[in-house]
Amino acid sequence: MAIECDVLVVGGGPAGLAAARAAAKNGLKTIVIEEDKEIGVPVRCGEGIGEYLFLHMPFDIPKEQLIWKIDGMLFWNEEIRLERRGSYWSGYSIDREKFDKWLSKLASDGGAEIWTESTLIDIEREDTIVKEAIVCRGGDTVSIFPKVVIGADGCESTVLKLLDLYNPKRGDLAEVYSWEMKGLKLYKPRLEQIFIGEFTPKGYAYIFPKSKSTANVGIGGLFPKRKMESYFEEFLEIPFVKKQTRGATFVKEKSKKAVWNDLSDKWIIGNVVLAGDAANQNLKPFVEGILPSVICGDIAGTIASRLIYGDTLSHKSYLSEVKKKLGNHIETSNILQKYIFSLFSSGNENREIYLKFFGIVSGLVKLDELSNVDLNKLKEIAVAEVKRNGK
1 MAIECDVLVV GGGPAGLAAA RAAAKNGLKT IVIEEDKEIG VPVRCGEGIG
51 EYLFLHMPFD IPKEQLIWKI DGMLFWNEEI RLERRGSYWS GYSIDREKFD
101 KWLSKLASDG GAEIWTESTL IDIEREDTIV KEAIVCRGGD TVSIFPKVVI
151 GADGCESTVL KLLDLYNPKR GDLAEVYSWE MKGLKLYKPR LEQIFIGEFT
201 PKGYAYIFPK SKSTANVGIG GLFPKRKMES YFEEFLEIPF VKKQTRGATF
251 VKEKSKKAVW NDLSDKWIIG NVVLAGDAAN QNLKPFVEGI LPSVICGDIA
301 GTIASRLIYG DTLSHKSYLS EVKKKLGNHI ETSNILQKYI FSLFSSGNEN
351 REIYLKFFGI VSGLVKLDEL SNVDLNKLKE IAVAEVKRNG K
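If you read the sequence shown in my numbering, its first letter stands for residue 1, the second for the next number, and so on.
Hints are supplied without guarantee of correctness; some may be wrong.
Cβ-Cβ distance ranges computed for the label pairs, FRET-style [said to hold, decoys possible]:
#1 G347 to E97: 36 to 42 Å
#2 D311 to D109: 25 to 31 Å
#3 K377 to K212: 34 to 40 Å
#4 K377 to E198: 18 to 24 Å
Since the hints were made in silico from the structure, they are not lab data. All C-beta atoms, glycine included, are put in the ideal place defined by N, C-alpha and C.
Input sequences plus hints: build the corresponding full structure.
Pasting the structure below:
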């Protein structure tokens with residue numbers, strides 16, 4: 001079986017579905033292939049979204065998708081505990097399965113075809129121009145002849161692998177071990193909690209509430225030296241954490257890998273346009289990927305349309321469009337990505353690096369102060385912040 005199309009989107013997550021919607025709305029025959037049986041399943045996600053990104057979205061999010069209001073964030077370190085509220089720190093928890101299904105409906109209503117249980121198994125190309133994509137769909141082999149391919153298939157991208165461009169090094173991908181848990185006695189259910197210390201594999205742990213007594217609880221890092229489950233178990237033994245999780249029920253595992261360093265130095269490769277995690281379009285330091293993937297996916301779909309209609313575009317063109325939408329968020333993310341990776345890859349195993357990391361993620365350390373963090377001053381600032389906020 002052979003099919004021609006304008007745009008083939010590989011990956012049915014937020015980036016791919018947003019890209020498909022944009023391409024189809026521009027009048028292009030668009031096919032999305034997703035290897036899983038059902039869009040949105042399984043969920044491998046912390047399910048938190050930042051309210052500060054709503055302004056940049058290409059379409060509004062229905063209220064019913066916003067299942068739990070988050071007023072701010074609690075940052076915990078063995079030496080400091082600090083709460084942040086409002087502005088950049090506030091947001092919502094979503095049900096990722098329902099969210100992705102909603103995005104899928106937007107894409108299909110716009111004219112895109114959504115194929116589940118469909119896996120990209122090979123490509124035929126001339127240099128970087130994909131001529132044919134060979135897809136296994138429900139046991140049958142289908143040849144698709146696309147004009148543009150959008151690679152939105154995550155941090156273990158098959159598209160990049162088939163282009164011989166997938167060579168992640170140690171630390172490029174973070175390991176995340178996570179569970180949805182219920183029956184929790186949450187400290188403050190309207191605050192997301194971030195935990196930083198030597199119990200992590202150069203990263204952080206979290207409790208992201210989804211209701212008064214349900215949350216996604218996990219730990220992630222760039223340089224694990226043992227099984228992630230053991231870091232998770234150690235995290236649960238912290239007294240402040242244990243008080244909240246004792247007696248809780250493990251509902252569903254949501255472990256995953258998350259991209260930290262770039263997997264490709266270009267977002268446009270021949271007639272391939274990357275989007276979402278394949279393009280490392282999450283925002284650091286929290287590796288926030290859901291809404292950035294929707295925003296960048298929408299741009300990727302428009303970029304694909306422009307390529308088909310004859311525009312000459314490059315990585316620089318694509319990046320420029322992303323910067324127009326996300327402004328200094330993407331630039332700040334790039335700075336933090338490099339600094340934090342350098343901090344964690346230094347080989348040091350002491351409290352100082354985690355205290356510096358705490359200062360960065362909690363906003364106590366400004367970008368122009370990254371090169372010279374005074375730890376004593378940092379502690380003084382943190383104590384002053386706590387007193388000022390009455391916490």
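Cross-check of the supplied hints:
A hinted range of 36 to 42 Å holds for the C-beta pair G347 and E97, which are about 40 Å apart. Look at D311 against D109: about 26 Å separates their beta carbons, and that is inside 25 to 31 Å. At roughly 38 Å, the beta-carbon separation of K377 and K212 lies within the given 34 to 40 Å, and the hint holds. Distance hint check: the CB atoms of K377 and E198 are about 22 Å apart, consistent with the given range 18 to 24 Å.
In summary, this structure violates none of the numbered hints.
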